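> Keeping their order, the protein sequence lines are chains A and B. For the first sequence, the positions run 1 to 114 when this note's numbering is used. For the second sequence, the positions run 1001 to 1113 when this note's numbering is used.
Honestly, the hints are just simulated from the structure, not real lab data. These figures come from a predicted structure and were not determined experimentally. Check each hint, because a few of them may be wrong.
[To be verified] Keeping only pairs whose Cα atoms sit at most 30 Å apart, straight-line, the calculated DSS-like set for lysine-lysine is: (1) A/Lys30 / B/Lys1054; (2) A/Lys30 / B/Lys1105; (3) B/Lys1071 / A/Lys13; (4) B/Lys1071 / B/Lys1056.
[Claimed, not checked] Output of the computed footprint for chain B on chain A, the stretches with three or more beta carbons under 8 Å from beta carbons of chain B: (5) 32-41; (6) 51-62; (7) 102-111.
Ideal Cβ placement from N, Cα and C applies to all residues, glycine included.
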Amino acid sequence: DAGVTQSPTHLIKTRGQHVTLRCSPISGHKSVSWYQQVLGQGPQFIFQYYEKEERGRGNFPDRFSARQFPNYSSELNVNALLLGDSALYLCASSLVSGSSYEQYFGPGTRLTVT
Amino acid sequence: DQQVKQNSPSLSVQEGRISILNCDYTNSMFDYFLWYKKYPAEGPTFLISISSIKDKNEDGRFTVFLNKSAKHLSLHIVPSQPGDSAVYFCAAYSGAGSYQLTFGKGTKLSVIP
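Start from the sequences and build out the full structure, keeping to the hints where you can.
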């Protein structure tokens, strides 16, 4: 079975630009979460979507937004990019939303903002 | 304010010996804990989990122990293999209906052949 897939693998953007990252969950999984991992830190929660609705949002500015499509794939959008947005962006899927459900991660998108 | 703390940034262990990775937490609402392994240029891979109603969970070479009173958990790998060399993250959910995983900063394990 295919795991979580993310595209693109790498991305270089300039400050002030906009970026869209994409994620396809494991087949049958209805929940998608997004995390940001900067060097030397653990992943930080950004959003979770379940059945196309936002279930939760972490401590990130409004420049970050996301959505989930009817096929449960998801997009993460970041506007007005800052140098500090350079990070590995991870997508994770789970069967449902909620505690005690393991989240399975994709390989990530490495975003570099110059 | 780190709610999940992995105080050892790195650990080196001889092949065949036991690796013990530690994790402390401060949020008493955490009720489900997970360990992930991460290789460079890959996403975290789920290893093993434990509910707060248990104190031990075992899966092959991996065992997780939970001490609720001390707010401490540990991951034991026996025997350690060179392929286990990776960064290990401890993560936690806080209560029923929680959807957000809170991660520690990770511990880099090196298994020396």
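> Quick check: which numbered hints come out false for this structure?
Hint check: 3 fails alone, others pass.
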